[in-house]
Amino acid sequence: MEVLKIATAGSVDDGKSTLIGRILYDTKSLTTDKLEAIEKTSKQRGYDYLDFSLATDGLVAEREQGITIDVAHIYFSTPKKSYIIADTPGHVEYTRNMVTGASTSQASIILIDARKGVIEQTNRHFFINNLLRIKDVVVAINKMDLVDYSEDVYNKIKADFEELMSKRDYQDQSISFIPVSALKGDNVVNASKNMPWYKGETLLDHLEKLDKADIFNVGTPRFPVQYVIRPKTEEYHDFRGYAGKVYGGNLSVGDEVVVLPSLTKSKIKEIYFYDQKYETASRRSSVTITLEDDVNVSRGDMIVKADDLPTIEKQFTANVCWMDSKQLTPGAKYIVQHGINKVLAKVDNIHHKIHPDYSGIEEEVSGLGMNDIAQVSFKLNKPIYYDKFKNHRTNGSFIIIDTQSNNTVGAGFIQ
1 MEVLKIATAG
11 SVDDGKSTLI
21 GRILYDTKSL
31 TTDKLEAIEK
41 TSKQRGYDYL
51 DFSLATDGLV
61 AEREQGITID
71 VAHIYFSTPK
81 KSYIIADTPG
91 HVEYTRNMVT
101 GASTSQASII
111 LIDARKGVIE
121 QTNRHFFINN
131 LLRIKDVVVA
141 INKMDLVDYS
151 EDVYNKIKAD
161 FEELMSKRDY
171 QDQSISFIPV
181 SALKGDNVVN
191 ASKNMPWYKG
201 ETLLDHLEKL
211 DKADIFNVGT
221 PRFPVQYVIR
231 PKTEEYHDFR
241 GYAGKVYGGN
251 LSVGDEVVVL
261 PSLTKSKIKE
271 IYFYDQKYET
281 ASRRSSVTIT
291 LEDDVNVSRG
301 DMIVKADDLP
311 TIEKQFTANV
321 CWMDSKQLTP
331 GAKYIVQHGI
341 NKVLAKVDNI
351 HHKIHPDYSG
361 IEEEVSGLGM
371 NDIAQVSFKL
381 NKPIYYDKFK
391 NHRTNGSFII
401 IDTQSNNTVG
411 AGFIQ
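The UniProt record's numbering applies: residue 1 is where the sequence shown begins, and numbers increase by one.
FYI, nobody ran anything at the bench for these hints, they're computed from the structure.
Just so it is clear, CB atoms sit at the ideal spot from N, CA and C, and this is done for glycine as well.
Don't take each hint at face value.
Calculated pairs, BS3-like style, for lysine-lysine (alpha carbon to alpha carbon, straight line, at most 25 Å) [to be verified]:
#1 K342 with K390
#2 K167 with K80
#3 K193 with K167
#4 K305 with K267
Simulated DEER-style distance windows between Cβ atoms [said to hold, decoys possible]:
#5 E364 with Q44: 44 to 50 Å
#6 D238 with P261: 37 to 43 Å
#7 K80 with S176: 14 to 20 Å
#8 G200 with S405: 45 to 51 Å
#9 Q327 with R168: 57 to 63 Å
#10 I361 with E208: 36 to 42 Å
#11 I84 with E201: 37 to 43 Å
#12 R240 with E208: 20 to 26 Å
#13 R168 with T290: 42 to 48 Å
#14 K277 with K43: 28 to 34 Å
#15 Q315 with E234: 17 to 23 Å
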């Protein structure tokens, strides 16, 4: 079954937890004991309605206790698709968590409180979706019940958001506007009778109709080798296969390929998925590839089409989201993990800090603090083979690891 990963973003009290709870409830994804607990707690608190935010109660408890907040993943399914919702906190101080949740998502839901409209946090949420090249964004204008389901309020917020859209640099993005009431259930899973003026889809209908061909960023095929398979059995005595996942495009039997970093040329001989042979490996499929020539290929190497090589360099410039309390400064050394390759890197220069509310850039920066986003240049101790992030999300991204603590301290997107 097709799996769709969705990032959510919303400011404090925009109703994000309630929206997720409502989706789980209306798709009958809540277990009986969880539903009973929600009903019981809602009555204890004197509510005359079910408080669906309790469906993600663990997250609320984390926030109340003031402990570190990570991205939570909520799972549910319909007959058509399986969904993973990356529930990311919307506070300014959790920018790094928003980046983490959205970096692997194919679609995003940005919540706006109908009473407040587009606010500074909305700018930040949209900026991150733009930075990470999320192709399908749903702007869910929530709490429509508190503004009497007003079409004028909806149109005003839509116009304000469209003005914000004019500031983006990523144009290949589908943006939809849906007026909802997560508490009452309007236009979440079931169509609303309270907004006859809205003729569009419900939130779930929109997600159900998303075609993966439209939401996955199309790039050039890249096949990072994760494992070399040598069974050494009687039946497969000389078998040598290269296992990994195809990113960006398709690879087919007979394609002329180059193995990086050795630049050795060969052709694809066979493509296996377990014990089945295929003529073509489509993007995002995990397969084993054999080559016509007996060439030296190791874990960490990359197989690409001969006429479509990535950039092979010992330096690059990237937009970096810094996630550590210890500052990033010019001259500091880190480990850059690009795919499955790890290389030693030195920060060459911090060009400028980027304000994620579209208010511009800040030059002459001496260091990056937690949650800062900036354009940074790195020098490496050996070449990596990369694409620009705007052309290839997988091969254009990397993480930064502290050499002493071994903690992940940043994420980067190559420019």
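Legend entry - List of violated hint numbers, smallest to largest: Checked against the structure, the hints that fail are numbers 2, 3, 5, 6, 9, 11, 12, 14 and 15, while the rest are satisfied.
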